[in-house]
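Asks: Chain by chain, the residues run as shown.
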Amino acid sequence: MQELKSLIKDAKGLAAGTPEAEADRMLQICNACRYCEGFCAVFPAMTRRIEFTPSVVNYLANLCHNCGACLHACQYATPHEFAVNIPRVMAQIRKETYITYAWPQSFGALYKSNGVSVSIAVSLSITFFLLLSALLNGSLFSGPLNGNFYAIFSHNTLAVMFGAVFIFSLIAIAIGIIQFWKSISAGVISASAAVEATHDALTLKYLGGGHGDGCNNEDDAFSLWRKYFHHFTFYGFMLCFAATSVATIYHYAFGWYAPYALSSLPVILGTLGGIGLLIGPAGLLYLNLQRNSAHGDASQKPMDRAFIVLLFLISASGLLLLAYRDSAAMAALLAIHLGFVMGFFLTMPYGKFAHGIYRVAALLKNSIEKRQKSHLQLGAD
Amino acid sequence: MVDVLVIGGGNAALCAALMAREAGASVLLLEAAPKDWRGGNSSHTRNIRAMHDEPQDVMLEAYSEEEYWQDVLKVTSGITDEFLARLVIRSSSQCRDWMRHYGVRFQAPLSGTLNLSRTNAFFMGGGKALVNAYYRSAEKLGVQVRYESPVSSVEIEDGKFIAAYVGDERIEAKTCVLAAGGFESNREWLKEAWGVNQYGESPADNFLIRGTKYNNGVLLKQLISLGADSVSDPTQAHMVAVDARAPLYDGGICTRIDAVSFGVMVNKNAQRFSDEGEDFWPKRYAFWGRLVAKEPGQIAYSIIDSKVLGRFMPPVFPGEKADTLDELATKLGLDSKALQETIHSYNAACQVGTFDHTILDDCHTQGIEPAKTHWALPIDTGPFYGYTVRPGVTFTYLGLKTDETAAVRFNSTPSSNLFVAGEMMAGNVLGKGYAAGIGMTIGTVFGRIAGTQAARASQSSKSQGVEAKNARA
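Residue numbers (my numbering), protein chains in the order written: chain A, 1 to 381; chain B, 1 to 473.
The set of hints was computed from the structure by calculation and includes no laboratory data.
Note that the structure is a prediction, hence the values are computed from the model and not measured.
Be careful, since some hints might not be right.
[Claimed, not checked] Lysine-lysine pairs mimicking DSBU-like chemistry, simulated, CA-CA at most 35 Å apart: (1) K35/B with K301/A; (2) K35/B with K370/A; (3) K140/B with K301/A; (4) K307/B with K373/A; (5) K337/B with K307/B.
Using the sequences and the hints, build the whole thing.
Replies: Pasting the structure below:
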């Protein structure tokens with residue numbers, strides 16, 4: 001019995017100083033202060049609670065957009081002895097969320113050195129497509145093919161390879177998010193909660209700072225650029241996705257095969273999306289490099305940057321491919337572009353991409369919870 | 001030579017610097033603290049008490065000049081200057097657009113502060129966000145800011161400011177605004193002011209300082225010794241009962257104990273000593289520090305039972321928890337028998353009506369001294385909780401006497417170029433007591449007046465006026 005007690009004590013001792021323990025400690029301070037309630041959804045959600053269990057903290061961490069406002073406004077931030085830094089501890093916990101809910105579970109380890117993981121996935125993918133191209137065509141520099149990609153890789157080859165990886169990634173993400181959803185006891189989704197959460201996600205409401213001036217980057221000044229660059233990235237990505245979807249419909253429903261004319265819908269959507277995917281990631285990378293070192297978790301910068309750079313390279317290689325699709329370089333450019341895209345598909349469930357998914361889930365829980373009556377009865381001060 | 005030298009780096013100083021610069025004066029602001037600790041006590045504030053005749057953005061309903069004045073009159077027991085108080089009140093209805101212009105943002109009242117939603121506008125992110133916004137705006141506007149520049153003395157000649165000293169450096173200026181805070185961080189001075197009590201103790205030894213450690217009252221002391229007229233007395237201060245485990249400085253808001261009106265407060269002899277339910281907590285919390293300061297050992301214990309958990313802002317440190325009063329007394333280091341007797345006689349005196357902590361309800365005690373006039377529920381449902389509290393000084397009220405021009409006065413004659421704002425003159429309005437958010441109101445209103453007056457004074461003599469114009473061109 002005594003032994004058991006001492007074991008429990010040891011476990012508690014070990015637990016002290018973990019991100020969960022730190023988040024609990026800091027949130028007790030925040031909950032007695034509450035000055036930051038107007039910035040975002042995290043603090044109003046916090047005030048509905050007086051205890052911060054790992055599951056609560058997990059939810060709040062993913063609700064946090066790492067805007068930095070609460071750190072610069074914090075009277076208890078370092079050099080104060082309380083050393084409150086919510087953006088950092090929340091970032092640390094988010095990383096643990098991604099690792100914990102990765103599927104298959106052992107693949108969560110890919111988050112630990114994510115910059116390396118993504119780089120290897122992308123390198124292998126490019127190598128694969130270059131070799132495959134050379135193997136199928138005898139050379140990487142065939143004569144002009146008038147932009148006909150399928151002369152290099154047949155449509156079915158591409159559809160099967162990308163379809164299989166994409167479906168696997170979607171399944172992996174879905175399993176992770178369902179487990180996360182259960183662990184945060186999110187409750188029943190109502191239509192109005194779903195509408196609100198969708199709105200908050202699509203408008204990136206919580207990168208607005210509550211006052212609409214934006215979030216912090218280098219210092220205590222507010223800026224909307226992080227929000228705008230995210231929009232460029234996200235909507236650019238969605239336009240590219242739309243381009244691919246339209247092309248798929250053209251192919252299967254109408255029998256209109258690629259290459260498509262520059263004035264065609266898939267090319268227009270893809271080009272616009274590609275431009276968004278150049279501006280957005282370039283801007284985000286710039287902001288990331290300028291970012292105040294107290295924000296977030298420095299150990300995750302390689303993950304952030306790998307993802308940003310990968311998106312940029314997908315777009316850049318795609319636009320180059322469009323520009324030179326009639327030239328002898330097409331085969332090599334195609335292989336490189338496909339390599340980047342494949343690298344992205346492979347690492348979707350094991351990279352920064354996940355942040356958007358968990359964020360949406362947390363926003364949805366927040367919208368559900370807001371519509372429920374708080375069980376606390378704080379009325380008077 | 002700069003036109004306006006602002007000594008201090010909190011809300012009042014920044015308001016003065018911005019107004020002076022707006023008026024075209026060149027401005028140098030000297031902040032004693034390093035950048036990380038800039039802003040003085042303003043960094044710990046959260047709202048401003050503002051008059052308004054109709055609903056205004058985050059402020060609900062109306063808060064008239066008369067009602068505001070009655071509140072000031074009540075909390076100060078009449079120890080105030082009606083003319084200056086009304087000036088502050090009326091001006092408070094005018095300053096929020098100006099604050100917004102310089103980057104201050106307001107938010108809806110914080111959860112758990114419903115009682116303040118009509119009278120106080122909350123700063124989004126609190127006072128440090130306000131301070132950050134003002135510094136950004138001041139630098140953008142061309143105010144020179146120097147950190148780690150505590151002024152050790154000022155040179156005054158016939159009531160006129162000549163220069164200030166930062167270490168050995170002598171800084172001349174045409175005019176000066178003093179906004180360097182009270183003397184709450186000066187423990188020696190507090191000790192001297194509070195003296196020795198009837199128990200042979202030096203009460204100030206047990207005070208915690210809720211705010212900055214940089215408010216040492218150096219210039220306040222010097223000015224008074226140079227013959228500047230003063231107001232209030234050195235024992236008057238904004239004092240809150242804070243958790244005894246709070247840090248010595250900068251504990252800020254989170255160390256206060258909001259459980260008081262939900263239970264009883266006993267001293268180290270386990271005896272009650274004041275009415276815990278006299279009024280809403282926001283109106284009373286600034287009194288309890290002083291009440292505790294007058295008890296033996298300057299220590300007290302807020303005791304509640306499980307019925308009221310979740311009804312008040314959660315304290316930052318967990319309280320002592322026990323299943324019985326006997327066990328709680330042991331954990332708190334109180335005499336168990338005495339505590340149980342106190343609680344039992346309190347419980348027996350409770351006349352329970354309809355408990356409602358959002359109104360002045362009808363639950364009260366009968367036949368005990370002191371009475372608890374509202375929210376009196378028996379303490380009978382374990383587990384029981386106890387919080388040990390100490391007096392926490394927010395800021396001192398001893399200040400320089402001033403008038404509607406914010407001028408420092410020597411023998412009732414206003415100085416032509418020396419002005420004062422913020423804690424250094426809040427005692428003109430607050431002789432004692434406090435109403436939440438009024439410190440920021442006084443600081444903002446008088447900071448703005450002082451900045452305007454200092455800029456005007458710096459440009460008043462003809463030659464100086466030309467010089468200032470040339471400097472601007």
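Asks: Next step is simple, just say for each hint if it's right about the structure.
Replies: Here's how the hints hold up against the structure:
A hinted pair counts as satisfied when its Cα atoms are at most 35 Å apart, and K35/B with K301/A qualifies at roughly 27 Å. A C-alpha spacing of about 38 Å is found between K35/B and K370/A, which places the hinted pair above 35 Å, so the restraint is violated. About 32 Å separates the Cα atoms of K140/B and K301/A, which keeps this hinted pair within 35 Å; it holds. Restraint check for K307/B and K373/A: the C-alpha separation of about 19 Å stays at or below 35 Å, so the hint holds.
Restraint check for K337/B and K307/B: satisfied, since their Cα atoms lie roughly 23 Å apart, inside the 35 Å limit.
Of the numbered hints stated above, the single one contradicted by the structure is hint 2.
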